[in-house]
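For reference, the chains in residue letters:
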Amino acid sequence: MKNRILPVILLCLTTVGAFAQHVLKGRVTDQVTQAPIFGAQITLKSDRTKGTITNDAGEFTLQAPAGAVTLIVHSLGYKDAEVPVGNQTFLTISLEEDNAKGLDEIVVVGAVVKRENLTGAVSSINSARISQTPTNSINQALQGKVAGAYVVSNAQPGSDASIKIRGNNSIQFGTNPIFVVDGVIIDGGFNTLNPDDIASVDVLKDAASTAIYGSRGANGVVVVTTKKGKNGVGKVSYNAWFGVQQFSKRAATMGGKDLFNLRVDAYANAWQEKNPQGNRDQYIADSLVSDRSIAFGKYELDAYRAGKSYDWLDAVTRKGFQQNHTLNFSGGTEKGSYFVSFNYTDQKGLVQNSNYRRLSGRANIEQYIKPWLKIGTNTTFSNTKEKYVDGSVFSVAAGANPLLKIDTTGYYLKYADIQNQDAYNPLRSLWITGDNFSNRLLSSNYININPIKDLNIRSTVSFDITSQQTFWYTPMTTGQDKRNSNHGKASQKKTLYNNLQWDNTITYSKTFGDHYVSLLGGTSIQLNKYDYNQVDAFGFPNDDFGYKFLGGAYSKDKTTLSSDFVTTTLASFLGRADYNYKDKYFATATIRYDGSSKFGANNKWGAFPSLALAYDMTRETFWNVKAINRLKWRVGFGIAGNQNIPNYAFASLYRPNYTNNSVTYVSDGRLGNPFLHWERQKQLNVGVDLSLLDSRLTLTADYFNIDNDNLLMVRTLPTTTGFTNTVSNVGALNNKGIELTLGAALIRKKDFQWNANFMLSSDKNKITRLYGSTKAIYNKGGYTGVEIQRTGNLFLGESLNSVYSLKFDKIAQQSDMERIKNIDFAGRTVHPGDIIPVDKDGNGVINDDDRYVVGNLTPKFYGGFGTDLTYKGIGLNLFFNYSYGLKRLSGFYEGLMSSTGLSAAHQDLNRRWTPQNTDTNVPRALYGVPRYSYGDTDLGLQDASFLRLSTFTVSYTLPRQVSQSLRLDNTRFYMTGTNQLLFTKDKGYDPETGDGYPNAKMITLGLNVTF
Amino acid sequence: MKKRIFLLPLVFLMSCQDFLNQEPQTALTQEQVFSKLENIDPLITGLYTSWRNARKDRGGFMFQLGGDESQQGAFQVKSEPDQAGLDRYDGFLAPRNNALTQQWDMRWPIVTAAAKAILALQTNKEDENRRNQLLGEASFIWAAVCFELTQYWGDIPVIDAGKIAELGTGRKPLPMVYDYLVRYLQFAADHLPESQTDKRRVTKYAAMALLGKVYLYAPQAAGVRDYQKAADQFQKVIQSGKYSLVPKYADLFDPGKANSTESLYEFQFTNTYPDNNQTQWQMGSRALASVDGNCSFGGYDLMVPTAYAYSDVTKGGVWETGDTRKDASIRYDFTYKGEAPKLLSGFGGDELDPHVKKFEDPRTQGTMSFWYSGKNIFYLRYADVLLCYAECLNELNRTSEAVTIVNDQIRNRAFGGAIPASLKWASGISQDDFRTKMLDERMRELAFEGWRRMDLIRSGKFVSLIKARNNWAAQSNTIQEFHMRYPIPLTEILQNEEIPPSAQNPGYQQ
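Line order of the protein sequences matches chains U and F.
Mapping of the first sequence onto the UniProt record's numbering: position 315 corresponds to residue 315, and the numbering continues sequentially without gaps.
Mapping of the second sequence onto the UniProt record's numbering: position 294 corresponds to residue 294, and the numbering continues sequentially without gaps.
Calculated from the structure, these hints are not laboratory results.
Some clues are possibly wrong.
[As the list claims (entries may be wrong)] Far from chain U by the CB rule (all over 12 Å, computed), these chain F residues:
#, residue
1, L43
2, R55
3, E80
4, R96
5, Y152
6, V182
7, S244
8, Q268
9, G293
10, A328
11, I405
12, S422
13, S476
14, E498
[Said to hold, decoys possible] In silico DSBU-like pairs for lysine-lysine, Cα to Cα no more than 35 Å straight-line:
#, chain 1, residue 1, chain 2, residue 2
15, U, K385, U, K1001
16, F, K78, U, K810
17, U, K335, U, K235
18, U, K164, U, K274
19, F, K163, U, K556
20, U, K482, F, K236
21, U, K482, F, K315
22, U, K840, F, K199
Predicted model only: the values in this text are computed from it and were never measured.
For every residue, glycine included, the Cβ atom is placed at its ideal position computed from N, Cα and C.
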């Protein structure tokens, strides 16, 4: 208990009487839920033998001596509070929930570490803040709440939000942090965890905290600790929410009439290119809008003349209803605890037929068998059922012709009479069945031995086993089937992920007077296995059996079988030493020595050391600045690693292929690199924790500087080497930035509390070296796989996230023609109304040498801010997140803006250049003549800065008396709106989630009951 | 209890190295593949597949675009500027041209893998016969691909796995390139068997025919052009007695009569993915594709015959009356199930002009998409050997013998086996007349089979004939002599330090 008085406790003190008395009364409640806390111990600081405990209304009465009295309030599961009584007679004390049963302890690689001793840059959020966002994804719950964590949500049912810590530290591999759930390192599939089960999330951001994860810590570590039972009477709690989701935005695409006019304009302009003296109006009347039209199909002319416009997207989408229920049971004694929970979540997707359902359960049990022997398990099981729809449904419907009637007649959609065999009729595509069933067991089991005092030995065996079955059936009635002449296609894929982790640690911790020392040594091994098998069968007599009867497939020669087996391993030794003196000076040193199977024989092992120091000035005897009650300086330096590269990249592989009745060996194109080694990041972090005015104002600030000098990437090779790519350590990257978290308790009254918080993060990366004398590495891709892309290129001295393209000069006007007449536009037409790019080198030729780094996809800064208002039982919470100064490429918008009326078009094209409307940046319509498009220049680069009302919640907690009369501890109702407001100039679906699928907004109604 | 725990790290360390050695379980490493004949054999069949695949689908026709017998469909020209550059010979035909980069990129891995196989086989100590045969096959594939590359790009890297440190990956002068071609093909001709039951594999006579072509097609600068040596090779093929023209020209394109006596080597395809070739998808007419996705002459108009290639002599084209090759090579009539299809709005307008017919696969009709078209594609055909031999004889001042071969074999078959005297070439024509007539005869006999671009290059009439016959090149009017060679792809120049920008082909330097 001695060193555990944290200054971050929030107290609500209310003066009831104005004069001192010998009898003290008060009430203890949960800081967040305001629920009364039963069984809290209240003792006098001066004499810990004198005390009492609270009753089931959280109330207490205590005889206290006159004078300056300080109380210590202790309740399991909460942080201890030290309360100066002053001259009050009734105290309202609210306790901050502590996150683990072991109070301030979290499990780090099989060892229990005090949170306070995490000397590095760590952001923690507790269950109360997690539950502010009703969601079934943890990442989503973290959005905007952790400085330095950039979370991008995903509206597709069952898909997880992505999270990135401290910007880009690697190029391609593993930009996501690792997740450690109760000590188990998991890769992916975080959405099978129920946020309601989570007690706390600690985001470890610098090497001082992540070095203990060695080769995997480079992109940060998210430590998730699940709930444990609390000592005291058993509790039952039920949480439920219901939500209605819809798209937050749709693209402003043209309706039938505008699209018709656009196409007429595009054709007429193209005709005039060849017939400059021709009669344009005559041409339009004769060849375009008449029944003999070469530009329109009859159905389009009919729809246009009837004033019709069809919305295909509307036909395949819907409102998505969601519901989530969690029921948990918890309790414990001094000898052990239990926490058992059940969860059901059901999410209907916004595209028809898509659905996500999850049933999960958890048992966290801990028990002392002997005074020196403790065992425990944190085990969760989940069963997920997903219904997929074919990926083309949304995209095809979004790009459908508004002059085409919505029905299932065609196998493909069309513009004019051009049936596009890639545009499968989405109504038919909805007939495709896609089911995914997945079972996951995530179980961490430990035995903990204290053979002698202060010595702790712990061994943990963890399993993370996922078995997944994916089934598809594409019926004969779909365009997909027609195009591929399959006559029905059934696919079955069965996948097994089997991950095993075994951690052993020995910890010795002792306090010698003012010195506290803790030493930890351990080993960790991980075995990750993956295998799958897949069957695709073709040709069925009918569609009746779906994917269930493979034996009925008659096109046996088309049957494909595939399978793979992959094993990767990691072995580690780790050591850690913590020292602190009077809670004033802190030092932590860690080292981890990791071996990985992903590297060649001589490069398997790497060492990852770190050192962190901290100094709490307010603990100094000379400290007399009353206003500042905490001022802790932190500095940490360490090396973290990254091994997230494709498997077997050290070897050139030849894969067996079956073709023309025999097996052939063909290189997979990758040149093996036996010299591959870890990415090593040298990370420096300097931070300060400041707390002012009785902790009413708190500030945490961090500065980091990360040098990654062995950047791993897939490098394309000149094919004269015989290969197309290789994975190699190509260069060095510097990434630095700051993070700021501000918290303020603006009002602290008994019935009225107002808190506000603000977070800001900024990071900036720069490539400082590339291999050899190379100044640039180009990223090839595109339709043919060999075009230099706008993003993903590496330029010395520039950001990883640079955008590389031609620069937009202006829209050509008649007056420009003389100036540009001798410029070689590489075969493109530039006439009035077309885009002129900047001739960077002024040599009269526009080519790749005229490309610029035109922008950067990294925001200048980003973060969130929010406010909590509680008045009596009513709560209001608002949370915004923002991002400033980032650019974005929207291929989607560019596509819409390049339309010639033969594809979906954006309404901004109504502002296109015409001889009458010359003051515009939107080029003219022109069909079938090559010229510069939106995507060829930076004209398409979006200003993606935004401010979003990420969540707002209005809640009401029943008054204690009412709750009690219903025999409930706590009852809370709430309504939450997610993503209800967005301010941005971005033209795509969403500046954050991009253009694959629009973002969603949701209104949720929820209920929490505890008894 | 404690003792055991302390031992743990030791046990752990000892077992670590094994634990961390995880080899791929469903692939072989390069060392494993080249270590024994049992593995090199499937590697070489893999090379055949990759070489074959360079001739399928869209990519398989890139070198035929921009010719005097074939050009892109109008809709393609409107919608794919990079690809249109291959016909327009405009600014898009530049180092960044993606369509060409793709062709370059797909060939070099074949060359280098063949080079590695050659090195591995040269040092292998197993069964000598089998080894030499495999070595012959690897040498042949190396040479066939490099021959194509050097014809179109000029100086190219010479990939010799045994001399990689010495030769590197820079461009090498033509004499060195052709020296390798001749040596490798000679080895193949010496060691390959006379016939193969597995039709994917090349034979002695295919090697001789290709070697003959190398002597005939080599640019003067290569120093190996030699009509006598070429004629010798062709003569050996002819005298082997293993090959003959099939009586009916149209039978050559009947999938039921594949691998005929006329075939020295053809790429083997089927109607089943991944062994189909999608050629009809590229060659057919969109107007039909809209009517029925399973119409065997539907497709997407990637490449169509030029007006010269589909018109009769009387209309300024190439066809003489009565030539059976015309209707076997080109589709003029699009009537489908009794109905004439209509031109559709939004397309290029040439969808019902004559189309390439040689790739139509009647086996797909009505049952599967033309995407599954999978007829074999000719590489070396006996008719080509005869024409090349005749050409050599003409160059060796034996014109009348050459005329006899053309009249009695090639043209006689073309006109149904009974060529009228009026259509026979006069035995007394001049050497130069023969050359001119031969160029048209090769178009009639070998249209769309992939040799035309090389024929134009060696004839010296590349620019004049393309400008006169290719609609898009004529419109653009920018074709020049330097276009005979393609630009080295920008990505190669940027990433291969041994090919600096200054090593770019003339006309393309930026």
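Now for the hints, and whether the structure bears them out:
no. : hint               : verdict
1   : L43                : violated, 4 Å
2   : R55                : holds, 14 Å
3   : E80                : violated, 9 Å
4   : R96                : violated, 6 Å
5   : Y152               : holds, 15 Å
6   : V182               : holds, 22 Å
7   : S244               : holds, 26 Å
8   : Q268               : violated, 6 Å
9   : G293               : violated, 6 Å
10  : A328               : holds, 26 Å
11  : I405               : holds, 35 Å
12  : S422               : holds, 43 Å
13  : S476               : violated, 8 Å
14  : E498               : violated, 8 Å
15  : U:K385 <-> U:K1001 : holds, 23 Å
16  : F:K78 <-> U:K810   : holds, 24 Å
17  : U:K335 <-> U:K235  : holds, 17 Å
18  : U:K164 <-> U:K274  : violated, 53 Å
19  : F:K163 <-> U:K556  : violated, 47 Å
20  : U:K482 <-> F:K236  : violated, 50 Å
21  : U:K482 <-> F:K315  : violated, 41 Å
22  : U:K840 <-> F:K199  : violated, 55 Å
The structure shown violates the earlier hints numbered 1, 3, 4, 8, 9, 13, 14, 18, 19, 20, 21, 22.
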